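Asker: Listed below are the residues making up each chain.
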Amino acid sequence: MKSYSITNDINNKLVIFLKKRAVTVLLLAFIVFMVISKPSFYSWGNITNILTEMSVYGIVAFAMTVAIIGGEFDLSASSIFGWATVFFISITNTLGLIPAFFLTLISGILMGMVNGFLVSKVKLNAFVVTLATMTIIKGLTFFYTGGSPINTSNETLIAIGAFNVAGITLTPIIFVIALIVFILILAKTRFGRNIYATGGNYHVAKLTGINVDYYKFIIFVIVGFCSALAGILLCVRVQAGSALYGKDLALYAVTATVIGGTSLSGGNGGVAKTVIGLLVMSVLFNALTLLGVEGYFQQLIRGIVLIAVIIIDTVIKKKNK
Amino acid sequence: MKKKWLVIMVVALFIVSLFVGCTENETSSDSKEKTENVATEEKAEEKTDEKADEPLRIFMSNAYYTAPYCAPLNEGVNIEAERLGYEIQIVDGEGSADKQLAQFKAAVAEGYDALIYFPADEASTPPVVDYLVSTGLPWVVLNTTVDPAVEELVPSTIASDFRDIGSNIAQMAVDYLPDGGNVVYIEGAAGSSYTMQLTESIYSTFEENNITILNDHQYSDWDPGKSMVMMEDFITKYGAENIDLVVCQDGGMWQGALAALDAAGLKGKVLGVAAGNDLIIKESIIDGSLLGTSIQDPFVEGGLGVSTLDKLIKGEEAPKWAVVPGGLCLIDDIEKHKWF
Amino acid sequence: MNEYVLEMKGITKTFPGVIALDNVSFGVKKGEVHALVGENGAGKSTLMKILNGVIKANSGEMYLDGTKTNISGVNDAQDKGLSIIFQEFNLINTLSVAENIFLGGLNRPKIVDWRNMRIKAQGLLKSLGFSFDVRRVVGELSTAEKQLVEIAKALSFNSKIIVMDEPTSSLTKSEEKMLFKIIKELKAKGVTIIYISHKLEEIFEICDTVTVLRDGKVIDVNPVSAITKDMIIEKMVGRTVDVEYPKRTILPGEKVMEVKNLYRTKILKNISFDLRKGEILGIAGLVGSGRTELAEAIFGAERFDKGNIKINGKVIKLRSTRDGKANSIGMVTEDRKETGLVLDFSVTNNITITNLNNVTSQRILNSRKEKDVAKRFIEELKIKTPSHKQEVVNLSGGNQQKVVLAKWLFSNADILILDEPTRGIDVGAKYEIYCLMNKLVAEGKSIIMISSELPEVLGMSDRILVMHEGEIKGELLGESASGEDVMQMIIN
Numbered sequence: 063m064k065s066y067s068i069t070n071d072i073n074n075k076l077v078i079f080l081k082k083r084a085v086t087v088l089l090l091a092f093i094v095f096m097v098i099s100k101p102s103f104y105s106w107g108n109i110t111n112i113l114t115e116m117s118v119y120g121i122v123a124f125a126m127t128v129a130i131i132g133g134e135f136d137l138s139a140s141s142i143f144g145w146a147t148v149f150f151i152s153i154t155n156t157l158g159l160i161p162a163f164f165l166t167l168i169s170g171i172l173m174g175m176v177n178g179f180l181v182s183k184v185k186l187n188a189f190v191v192t193l194a195t196m197t198i199i200k201g202l203t204f205f206y207t208g209g210s211p212i213n214t215s216n217e218t219l220i221a222i223g224a225f226n227v228a229g230i231t232l233t234p235i236i237f238v239i240a241l242i243v244f245i246l247i248l249a250k251t252r253f254g255r256n257i258y259a260t261g262g263n264y265h266v267a268k269l270t271g272i273n274v275d276y277y278k279f280i281i282f283v284i285v286g287f288c289s290a291l292a293g294i295l296l297c298v299r300v301q302a303g304s305a306l307y308g309k310d311l312a313l314y315a316v317t318a319t320v321i322g323g324t325s326l327s328g329g330n331g332g333v334a335k336t337v338i339g340l341l342v343m344s345v346l347f348n349a350l351t352l353l354g355v356e357g358y359f360q361q362l363i364r365g366i367v368l369i370a371v372i373i374i375d376t377v378i379k380k381k382n383k
Numbered sequence: 026m027k028k029k030w031l032v033i034m035v036v037a038l039f040i041v042s043l044f045v046g047c048t049e050n051e052t053s054s055d056s057k058e059k060t061e062n063v064a065t066e067e068k069a070e071e072k073t074d075e076k077a078d079e080p081l082r083i084f085m086s087n088a089y090y091t092a093p094y095c096a097p098l099n100e101g102v103n104i105e106a107e108r109l110g111y112e113i114q115i116v117d118g119e120g121s122a123d124k125q126l127a128q129f130k131a132a133v134a135e136g137y138d139a140l141i142y143f144p145a146d147e148a149s150t151p152p153v154v155d156y157l158v159s160t161g162l163p164w165v166v167l168n169t170t171v172d173p174a175v176e177e178l179v180p181s182t183i184a185s186d187f188r189d190i191g192s193n194i195a196q197m198a199v200d201y202l203p204d205g206g207n208v209v210y211i212e213g214a215a216g217s218s219y220t221m222q223l224t225e226s227i228y229s230t231f232e233e234n235n236i237t238i239l240n241d242h243q244y245s246d247w248d249p250g251k252s253m254v255m256m257e258d259f260i261t262k263y264g265a266e267n268i269d270l271v272v273c274q275d276g277g278m279w280q281g282a283l284a285a286l287d288a289a290g291l292k293g294k295v296l297g298v299a300a301g302n303d304l305i306i307k308e309s310i311i312d313g314s315l316l317g318t319s320i321q322d323p324f325v326e327g328g329l330g331v332s333t334l335d336k337l338i339k340g341e342e343a344p345k346w347a348v349v350p351g352g353l354c355l356i357d358d359i360e361k362h363k364w365f
Numbered sequence: 008m009n010e011y012v013l014e015m016k017g018i019t020k021t022f023p024g025v026i027a028l029d030n031v032s033f034g035v036k037k038g039e040v041h042a043l044v045g046e047n048g049a050g051k052s053t054l055m056k057i058l059n060g061v062i063k064a065n066s067g068e069m070y071l072d073g074t075k076t077n078i079s080g081v082n083d084a085q086d087k088g089l090s091i092i093f094q095e096f097n098l099i100n101t102l103s104v105a106e107n108i109f110l111g112g113l114n115r116p117k118i119v120d121w122r123n124m125r126i127k128a129q130g131l132l133k134s135l136g137f138s139f140d141v142r143r144v145v146g147e148l149s150t151a152e153k154q155l156v157e158i159a160k161a162l163s164f165n166s167k168i169i170v171m172d173e174p175t176s177s178l179t180k181s182e183e184k185m186l187f188k189i190i191k192e193l194k195a196k197g198v199t200i201i202y203i204s205h206k207l208e209e210i211f212e213i214c215d216t217v218t219v220l221r222d223g224k225v226i227d228v229n230p231v232s233a234i235t236k237d238m239i240i241e242k243m244v245g246r247t248v249d250v251e252y253p254k255r256t257i258l259p260g261e262k263v264m265e266v267k268n269l270y271r272t273k274i275l276k277n278i279s280f281d282l283r284k285g286e287i288l289g290i291a292g293l294v295g296s297g298r299t300e301l302a303e304a305i306f307g308a309e310r311f312d313k314g315n316i317k318i319n320g321k322v323i324k325l326r327s328t329r330d331g332k333a334n335s336i337g338m339v340t341e342d343r344k345e346t347g348l349v350l351d352f353s354v355t356n357n358i359t360i361t362n363l364n365n366v367t368s369q370r371i372l373n374s375r376k377e378k379d380v381a382k383r384f385i386e387e388l389k390i391k392t393p394s395h396k397q398e399v400v401n402l403s404g405g406n407q408q409k410v411v412l413a414k415w416l417f418s419n420a421d422i423l424i425l426d427e428p429t430r431g432i433d434v435g436a437k438y439e440i441y442c443l444m445n446k447l448v449a450e451g452k453s454i455i456m457i458s459s460e461l462p463e464v465l466g467m468s469d470r471i472l473v474m475h476e477g478e479i480k481g482e483l484l485g486e487s488a489s490g491e492d493v494m495q496m497i498i499n
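Residue numbers (my numbering), protein chains in the order written: chain A, 63 to 383; chain D, 26 to 365; chain C, 8 to 499.
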C-alpha cells in the first residue's frame, strides 16, 4: 500500500477532484454537448440571456446559501420579493425612483428583522415562522395593491432597464458584485466564520462565546435585504410589480444551494458553489427551450435531471468517505 | 472504483440520451398526434417537405401552461399549427414575464420564425412587447391583453372579451333575480387580468340591478378544492336560505362549489352561473343545477391564435383584435358547443 | 473440540494508505471476560466492526464454536449471538427505553405488542438490578442509564458474546461497581464478554485474559494473573511509561477566582471556593452531583440564582459565555464532539474561532496569520494531524481534545475549566494531556478539573473539592488524599 506509483497518485488526485466537483463536471459535459449540438447556444446573445435570467433569483439564492450555512431556512423570501416589486413600483410612481429604492430595501430589511427576531429571540422554528410571515407578507401585498399587478412608465427606470454594455445589463453586474461581496464576507471575515460555526454546531458556537442569537437574527435580515434587492432588479427588467411574482423563489433558491453542494445540515458550503447550482438550473432551462422540448416534458426532464445530479453527488460523496 | 464510474457513466448517458431523444422526436415529428397515426401522417409530411424544404417554426410561451384551461388551448394550437404545416414548440412561462422574456430570447437565438405570447398579466407586458417588436418577426398575443401603453405595438391580439364574459354572467344572474337578491362570488386569482376584468363588469352590473354580493373578494387560485372549502364556509356563514345564487368565474370553481352544495343537500336548490366550456358545466346545465355559462372555448382560442399568426406570416391583413367567439349558453344551446 | 467460542484467524484489513489490521489472530474462550486493549488507532474498533459484519476484512477467517462463519451484517451478528455495545451508543433518542431495547426485533412481528414489550423490558432491566420507567424517552436518560439500556438490548437478543467498548468511560464509581456485578453474573450464565477499555485497573478487577493490540498487530495474549499493569502499558505504547501522573514543582500563588454562595434552585447549594494562580483544583463526585452544572455556571453557560463570582478581586457579571470568555475563562466541555468542536471545521478554524479578532488585518481574516497560529499550537501541544487544514472529525480523541485545549489557550484564558479532559483517550495521549496541564499551570494559568476517574483527580490536583447532590461536601489535599477519603465524604 505504501508504494503508490506516481501515475496512480495523479490518477487519485484527479479522481478526488472529479468526485468533489461532480456537479461541475456534469455541467461542463452538458455545456459541451450543447455547444456541439446547438450553435445557437453558444451565441453571445444567448449567453447574456442565461446570465440575466439567473441573476435576479441568484442574488436571493446567495442569501439563502448564507441562511442554510447558518443552519436556518427562509421561506418568506418569495413573499418579500413579491412585496418589493409592488412597493417599489408604487413608490416610484408616487415619490420617485430614489426614495423607492431605499424604502423598498428598508422594508425588506424590516421584514427580515421580524423573522430574525421571532427565530433568534422568541426561539420559534424558522420553518414555521417564515411560512407564517410568507403568508402575512403576501396578504399585505394583496391588500396594498388590491390584488392587481401595477406597472410604471418612469422613464429613468426604463432607461436603466435598457442600459447595457455589450448586451450585459445592470442585473448580472449586480449579481457578480453580490457574489464577490458574499464570498469575501463568508471566507474572509469574522462575521462569516461565525456564521459557519453557528450553523456547524450551535452548541459549540454558543459555548465558544459567539453571540449565536445575533447571527441567527442577521441571517434573516440578509435574506430580507437580498429578496428586496432582487425584487427591485426584477422591476428594472419588467417595470411591473405583482404579489404573484417570485412565488417559486424560495424553493428555487434552496434547490440551487443544495445542487451547488451546500449541505442542508449547515456549517459548510459557500456561494461560489451556489453559482454552479444556479448555472445548472439556468442552462437547463435555456437548453430545453433551444432543444425544442415541449412544456410538460420540460418539467419532467428538469425534475429527473435535478434528482440525478443530487444522486450522483451524494453517491460519490458517500463512497468518498 | 470501476463500479462508481460505471454508475456515473450510465446516469450521464441516460441524461444525454434523454436530450438527444427528445430533440430527434421534435425534429422528426412535431406533435403527439402525429405519432399516433404514423402511416398517414408521414406521407402528408413528405408532401409538405417537398413544397418547402423546412417547415416554418413557431414558438409559444404560455404563462399558465399547466392551468386546466390551457390543456385544450395548447391542443388547439398544436392541431391548427399542424394543419397549416408549421412546427410548433410551447413552453411554460411559469407566470413570470422575466422568464418569458428569457424564453423568447432563447427562441430567437435558436432561429424560430414566429412567436406567440400568452402573458402572465397586463402590467408586466411592456418589456416583453418591446422585445418582441425589436425581433422583427411576426408575433401575436394570445388570451390576455397587454398593457394599454403598448397596445399600439401589438400586431394582433387573440382574446376573449373578458368584460363581455363578465357581463354575460351578470346578465344571467339579473335575469334570474329580477328583483335583486344576495349572491356569493368566487374569483380566480388575485392579479389575473381575467379575474379583474370579470369582477369589474360583474360588480357594476350587480350594483345597477340591486344584487348584493355577500362576501368580500375570495380567490380560489383556479383550484376546485379551495373553491369547495369557500362554498362550505359561505353556507355556514350566511345560511343556505340567504344565498340566492352562486357566481363562479370558471368551470373548476363551479365544480368545487357544486361539491359543497351537493354535500349540504343543496344541489339544485341553490343554483349557479359560471363561464367556460368544461364538461362539468355541461352536465350541470343539463341537470338544472347551473343556469348557464358564458362560452369561452379554449380550443377555438388556440386555433384562432395560430391562424391569425399564419395571416401575419403570409403578409395578409390580420385583425388588430381577433375576438374569440363567446356568448351565452343556456340549456337549449348545449349541443351547439364543444365541451372539454 | 475447540476450546474457543470465537476465533478470528489471520484477519487483515487495509484502508487506502493504512493497514488497520495486519494478520491478526484473536481467540476468546467460552465464559471468560477477555480484555482487548490498545491505544486509539491500534485496531480494536476495526476488529470489532469486522466481528460485527459492519466492514469486511480483506483476508482472514472467523470461527464461532469451531465452525467457520461469515457474518454479513449487524442483524446476522445478532442472530448468531453476537452483540456489540459501542462507546457512542446506538440508541434512538426520540424512542422510549422499551422500544430501544427491542428495536432490532421490532421488524420481526408485524404487530407490536406494547404491553408485552414493556413488561419484558422491565424484566431485563430488573435482571441487571435496576428499575426505571421503560416508557421514558432515551434522550432524557443519563449516560449511565443509556449504557444500561444498551446492555439490556444486548441481553434481549440472547447474546452469547457481548462486546463492550469502553463501557465505564462515563460511569461513576458506584455505577461501575454495578456494571462489574452484572458482568460477573453474565459470566456465571456462560456469556462470554470481550471488554475493551483504557482503564487498566478495571481489567485487573474483572478480566481473565488480556490481548494487547498495537499498530494493527497482536502484541501479546496473557492471562491477567500473569501480567502487571506496567507490563500492559509498556506493550501498548511500545515504551516504558515510568510515572502515570507527572509531578510538578511549582506552588499555587494568589487567589484568582473566588466563588461565594453560588446557588441555583435544586441544582447548586451555596457553593463557595477559591482558585489560585497556578493551581489545579479537582472536583470529584458522582455523575449528576452538579459538577458540570457548577462549571457551566462559572463559565456563564448556565445562569445561577444567587451568589457571586470574583475574578482578581472584582465581582464579574456572567450573563453568557461571552462574558466568561471576556473574563479570561475557558471551558473544555465533557463532550468534545457535541459541544467542543465544530467537526466540519479544520484544525485551524477550530482553534482560531475563539479569538478571530487576533487573526485579522483591517477586519479581514488573514489566512497566513491563522495558519501560523494553528502551526504554533500543533507544535506546542503535539497535535498529530496530517495538516493544519485537516477536518477535526477525522482526528483521534486525544488529538481532538488537544484542539479544544488549543482553542481556549488561543483565547488567552487564564482560568481553564476542564470537564472530563481525558475521557475516551488512550494512555499515551492521557499522559500528554497531564503534562500539558502541568505546563499550563507552570505558565501561571489555573485549572479546574472535573473527572469521574478518581485516580486522575487524586494524581493531578493540588486540592480536591468533593461534590455531592449540588453541595461541596469537603475539601482534600491532592497529595495526601486517597480514593477512600473521597468516597467517605460522598457517603457521609
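Derived by calculation from the structure, the hints in this document are not laboratory data. All values reported here derive from a predicted model rather than from experimental measurement. Do not rely on the hints blindly, as some may be mistaken.
[Stated by the list, open to error] Partial chain A-side listing against chain D, Cβ under 7 Å, derived:
#1 Pro101
#2 Ser102
#3 Asn108
#4 Ile198
#5 Gly201
#6 Tyr206
#7 Gly209
#8 Pro211
#9 Leu219
#10 Leu296
#11 Arg299
#12 Val300
#13 Gln301
#14 Ala302
#15 Ser304
#16 Thr351
[Claimed, not checked] The following label-pair restraints were derived from C-beta to C-beta distances:
#17 A:Ala91 - D:Val254: 40 to 50 Å
#18 D:Glu79 - A:Ala224: 31 to 41 Å
#19 A:Leu186 - C:Lys254: 24 to 34 Å
In this text, a Cβ means the ideal position worked out from N, Cα and C, and glycines have one as well.
Asker: All the hints need checking, so say for each whether the structure fits it.
Answerer: We went through each hint and held it up to the structure:
no.: 1; hint: Pro101; verdict: 9 Å, violated
no.: 2; hint: Ser102; verdict: 5 Å, holds
no.: 3; hint: Asn108; verdict: 4 Å, holds
no.: 4; hint: Ile198; verdict: 15 Å, violated
no.: 5; hint: Gly201; verdict: 10 Å, violated
no.: 6; hint: Tyr206; verdict: 12 Å, violated
no.: 7; hint: Gly209; verdict: 3 Å, holds
no.: 8; hint: Pro211; verdict: 4 Å, holds
no.: 9; hint: Leu219; verdict: 11 Å, violated
no.: 10; hint: Leu296; verdict: 6 Å, holds
no.: 11; hint: Arg299; verdict: 6 Å, holds
no.: 12; hint: Val300; verdict: 4 Å, holds
no.: 13; hint: Gln301; verdict: 6 Å, holds
no.: 14; hint: Ala302; verdict: 4 Å, holds
no.: 15; hint: Ser304; verdict: 5 Å, holds
no.: 16; hint: Thr351; verdict: 5 Å, holds
no.: 17; hint: A:Ala91 - D:Val254: 40 to 50 Å; verdict: 48 Å, holds
no.: 18; hint: D:Glu79 - A:Ala224: 31 to 41 Å; verdict: 34 Å, holds
no.: 19; hint: A:Leu186 - C:Lys254: 24 to 34 Å; verdict: 54 Å, violated
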